[in-house]
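Taken in sequence, the protein lines are chains A and B.
Read in order, the letters of the first sequence correspond to residues 1 to 283 in UniProt numbering.
Read in order, the letters of the second sequence correspond to residues 1 to 283 in UniProt numbering.
Nothing false has been slipped in among the hints.
A pair counts as met if it fits within one copy or between any two copies, since identical chains are not told apart.
Quick list of in silico lysine to aspartate or glutamate cross-link-like pairs, EDC-like style, CA-CA up to 20 Å: (1) K199 <-> E274; (2) K117 <-> E106; (3) K196 <-> E261; (4) K199 <-> D129; (5) K184 <-> E278; (6) K240 <-> D24; (7) K117 <-> E63; (8) K184 <-> E279; (9) K196 <-> D74; (10) K199 <-> D49; (11) K117 <-> E105; (12) K240 <-> E22; (13) K199 <-> D268; (14) K100 <-> D129; (15) K184 <-> E274.
No lab work stands behind these hints, which were simulated from the structure alone.
Protein chains: 2
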Amino acid sequence: MSPAIRDALRLPTGPVDLTAIETDAAPGFDGGKSDGQAALAEMGAELADLQERLWAERTVGSERRVLLVLQGMDTSGKGGVLRHTIGLVDPQGVRITSFKAPTEEEKQHDFLWRIEKALPGAGYIGVFDRSHYEDVLIARVRNFADADELQRRYGAINDFEARLADEGFSVVKCMLHISADEQKARLAERLANPEKHWKYNPGDLDERALWPAYRDAYEIALEHTNTEVAPWHVVPSDKKWFRNLAVGDLLLETLRGLDLEWPPADFDVAAETERLAEETPVQ
Amino acid sequence: MSPAIRDALRLPTGPVDLTAIETDAAPGFDGGKSDGQAALAEMGAELADLQERLWAERTVGSERRVLLVLQGMDTSGKGGVLRHTIGLVDPQGVRITSFKAPTEEEKQHDFLWRIEKALPGAGYIGVFDRSHYEDVLIARVRNFADADELQRRYGAINDFEARLADEGFSVVKCMLHISADEQKARLAERLANPEKHWKYNPGDLDERALWPAYRDAYEIALEHTNTEVAPWHVVPSDKKWFRNLAVGDLLLETLRGLDLEWPPADFDVAAETERLAEETPVQ
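Chain A with its partners taken away, still in its complex shape:
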């Protein structure tokens, strides 16, 4: 089942037309909601095992780590992925960073400055809830950067991610793809439920009015940064269960691909075993 999802979500190189990619599909998965939820739960044990191996490797000097980049329009479910999918692995080995509008200090630096500071250490699964891609998305839509600067940034992003790959990062990029109708339904739900009012911001509707401009910005960004070492995956996300499963699958396949082994002992196991057995009794 798994490679089928990954292969189905892998964005082909070349121009991108998001309107041609279904938002409510479940590509590569042959089942419904309850099957998908069960499949995600079943992944838990293997994900946890592989993550612990990744974590263990760092104790013997491995530089390997995973960086999962989550992008998507408001309500596309970045938070849901964090809760339901990333929540399956040991929180000790996870580093989540949510990027908001840059602070005054961050604005004094290149757009990648704050990104560098948030990179996960060796052995970690790092997750970016929004990322450096905002600097070619909202920056394009809201004209925070001109055409030359945007062009520079696509190149800078590709150079940056290639460097990460060289350093031992597995970079997994996901665009959570919802329809405008689905967003409307989710915003309406937030408004209708007092327990969800805190998630709503009147500015959300102003951004929503720019939907076509955001779609353009995504299409251009995806095309320009869909590299071999850091490819994009477009995750149909109208179905929350498929979104969670698909990201779990991408993470699982990434970890599987690392052929993670338990590190060998860097001490004399027999000697230590004897030392422990023959210790002066502790009381």
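Place chain B on chain A using the hints.
Positioned in the frame of chain A, the structure of chain B alone reads:
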């Protein structure tokens, strides 16, 4: 069930004798391993709900947050608590810091300098895997600090934690209490299982030889820092299932005690609902 565990684990004020506190008991809980595991799993939904309320509150300016301090001898199960108990809540709202031997830079500062930097932001559940208490534990056992300095540190810790309480922190301190025999069994298990060799370090046996000195250091530290605003709990931890359940219970009771409400809307709900319903269609 729950308050019974918390009450049973709460360390009374006054001199501390750890040898008088059982390590393999399950105080306040009337059941065995499978009951305990089920009880922890059942906590999940309420823990997640309360954590989300804490998280939501920060969007309207609340300064409240939780700081869970985990201390204990090697193999006492700090990592297990992170995986099994902290793993129950949304990783987005959790900030875990594992304190190792201080770096050269950290040594140039007061012992609380690196602790300050790791404090959780508003709305977070912060977890310290080891903490500023190492600076009165290993520091005492290994003579990294003299008697006057240790005395100063107990006071500094109490002042620091009182300030945190004033700032909106709920400080929950747990000493994971295992027997020397249980530690020996766990070390032997690590040596016997190649998948666990990475967790073993020959230095562990050198520390183990100092068990009585560590016990003394714990007893003194617990006595000196067992304050009303930041009390200590001694968690019998020979039974892993009880340890995980007990910390879950302490966390749950702490969150319950905050009377967390969903924040009210800071916008006109009816107006926004109408605005969404009457928007220019997005396509």
